[in-house]
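S.K.: Mapping the sequence shown onto our numbering, position 331 (from 1) lands on 334, and the numbers just tick up by one.
Please keep in mind that the hints were generated in silico from the structure rather than gathered at the bench.
Hints should not be assumed to be uniformly reliable.
The calculated DSS-like cross-link candidates involving lysine-lysine, where the alpha carbons are at most 25 Å apart (straight line), are [claimed, not checked]: (1) 255 <-> 186; (2) 183 <-> 249; (3) 249 <-> 282; (4) 233 <-> 255; (5) 186 <-> 131; (6) 100 <-> 85; (7) 91 <-> 131.
Label-pair distances were calculated between CB atoms; the ranges are [claimed, not checked]: (8) 94 <-> 184: 31 to 37 Å; (9) 255 <-> 86: 42 to 48 Å; (10) 96 <-> 211: 45 to 51 Å; (11) 287 <-> 149: 17 to 23 Å; (12) 53 <-> 307: 23 to 29 Å; (13) 99 <-> 172: 24 to 30 Å; (14) 319 <-> 137: 47 to 53 Å; (15) 174 <-> 326: 20 to 26 Å.
C-beta: ideal position from N, C-alpha, C; glycine also.
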Amino acid sequence: MKTIFTKFLAFSGILLLMLSSCKKDETKVVATNGKPGALTATADNVVLTSANADNVALSFNFTPSSYGYKAAITYTLQVDVKGDNFAKATNVSVSGKSFDYKVSDFNNALVNMGLIPGTTAEVEARIKSELGTNVSAAYSNVLTITVTPYASIITYPSLYVPGAYQGWSPPTAERISSVKDDKTYEGYVNFSDAGSLEFKYTSDPDWNHTNYGDGGAGSLSTDGGAGNLKVPSTGYFLLKGDLNAKTWSVTKTAWGIIGDATPNGWNSSTPLTYDSTNKVWSATVTLTGGLFVKFRANDAWDINLGDNKPANGVLKYGGENIPVAETGTYKITLDLSHPAYYIYRLIKQ
Numbered sequence: 004m005k006t007i008f009t010k011f012l013a014f015s016g017i018l019l020l021m022l023s024s025c026k027k028d029e030t031k032v033v034a035t036n037g038k039p040g041a042l043t044a045t046a047d048n049v050v051l052t053s054a055n056a057d058n059v060a061l062s063f064n065f066t067p068s069s070y071g072y073k074a075a076i077t078y079t080l081q082v083d084v085k086g087d088n089f090a091k092a093t094n095v096s097v098s099g100k101s102f103d104y105k106v107s108d109f110n111n112a113l114v115n116m117g118l119i120p121g122t123t124a125e126v127e128a129r130i131k132s133e134l135g136t137n138v139s140a141a142y143s144n145v146l147t148i149t150v151t152p153y154a155s156i157i158t159y160p161s162l163y164v165p166g167a168y169q170g171w172s173p174p175t176a177e178r179i180s181s182v183k184d185d186k187t188y189e190g191y192v193n194f195s196d197a198g199s200l201e202f203k204y205t206s207d208p209d210w211n212h213t214n215y216g217d218g219g220a221g222s223l224s225t226d227g228g229a230g231n232l233k234v235p236s237t238g239y240f241l242l243k244g245d246l247n248a249k250t251w252s253v254t255k256t257a258w259g260i261i262g263d264a265t266p267n268g269w270n271s272s273t274p275l276t277y278d279s280t281n282k283v284w285s286a287t288v289t290l291t292g293g294l295f296v297k298f299r300a301n302d303a304w305d306i307n308l309g310d311n312k313p314a315n316g317v318l319k320y321g322g323e324n325i326p327v328a329e330t331g332t333y334k335i336t337l338d339l340s341h342p343a344y345y346i347y348r349l350i351k352q
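Put together the whole structure using the sequences plus the hints.
M.R.: So this is what it looks like as structure tokens:
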């Protein structure tokens, strides 16, 4: 019996020694709060254009964060308007150590942040590193980037406006468009030659579908013998067509900017000059910050354009007054060349 008890004690001792040895060999892994990596970008001033939509706007590169051991870390590129503290950031998942931001994607993100196309602004970018729900996220340094987004032009259902002003070629003609697709159309066309004032409307960019000519007394006719439509003089005209009522109209326009931010206040418009090459109205004007402007035709309120609320750089008839952020000299551009999708730019010089 004594022998058995002695053997039991020996065995227990060996077992305790083994357990003690196991505890000593155990390796404890403890995650620390992440040490953020560094973020860099290939540019700090980016002007985006639709012509380069498929190109890379800029590339972000960063060093991985450290959590004290090798771990699967989730990285997110965050971009937001400067001063917003990333409260409404655009988040993009990133794999690897770099991210190429395509022009079209970057532009969409900027416009969705509320930046006005054609207007220079500043955004901030950082990398967010996450290990898990029980470990605090780590953030890289913050980069400030100057950006100028472009307008993503919407093409609405349209009628084409071939005429003598452009050689009677429907495929290359200007258009008038219908925002609501309700068969009421409008758009602006410049007629610069006194001998080239006649035109027609066509339903397609050819002569093989429905063509609309002058039915008399402001009416449209699809009769093949109908005469051409015509503006009364050279100039920049607002053209309209209503296929429900079968009517049409033209209004000659000369555009200006008005508002308490302009030298003339709300009393009279400061005229803009038409650039037929770039198809925009423009002027360089001193504006007062904290005040407002609008665009109007013919120094009257019958046709006036303001922004939306909140402002997005796209104009609408009778829209909101446009705020001017800072006092200074501005290059002002009014672009009515995209039918029913009118945009502007206030670029501080």
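S.K.: Compare the structure with each hint and give your call.
M.R.: Against the structure, the hints come out as follows:
1. 255 <-> 186: Holds, at roughly 22 Å.
2. 183 <-> 249: holds (17 Å)
3. 249 <-> 282: violated (29 Å)
4. 233 <-> 255: holds (12 Å)
5. 186 <-> 131: Violated. Residue 186 to residue 131 sits at ~49 Å, over the 25 Å cutoff.
6. 100 <-> 85: holds (24 Å)
7. 91 <-> 131: Answer holds: residue 91 to residue 131 is near 14 Å, not above 25 Å.
8. 94 <-> 184: 31 to 37 Å: At 34 Å between Cβs, range holds.
9. 255 <-> 86: 42 to 48 Å: holds (44 Å)
10. 96 <-> 211: 45 to 51 Å: For residue 211 against residue 96, whose Cβ atoms are near 49 Å apart, the range 45 to 51 Å holds.
11. 287 <-> 149: 17 to 23 Å: Since the Cβ atoms of residue 287 and residue 149 sit about 21 Å apart, the hinted range of 17 to 23 Å holds.
12. 53 <-> 307: 23 to 29 Å: Given a distance of about 27 Å, which is inside 23 to 29 Å, the answer is holds.
13. 99 <-> 172: 24 to 30 Å: Because 50 Å falls outside the window, the suggested range is violated.
14. 319 <-> 137: 47 to 53 Å: holds (50 Å)
15. 174 <-> 326: 20 to 26 Å: With a Cβ separation near 41 Å, residue 174 and residue 326 fall outside 20 to 26 Å, so the hint is violated.
In the structure shown, a violation is registered for the earlier hints numbered 3, 5, 13, 15, in ascending order.
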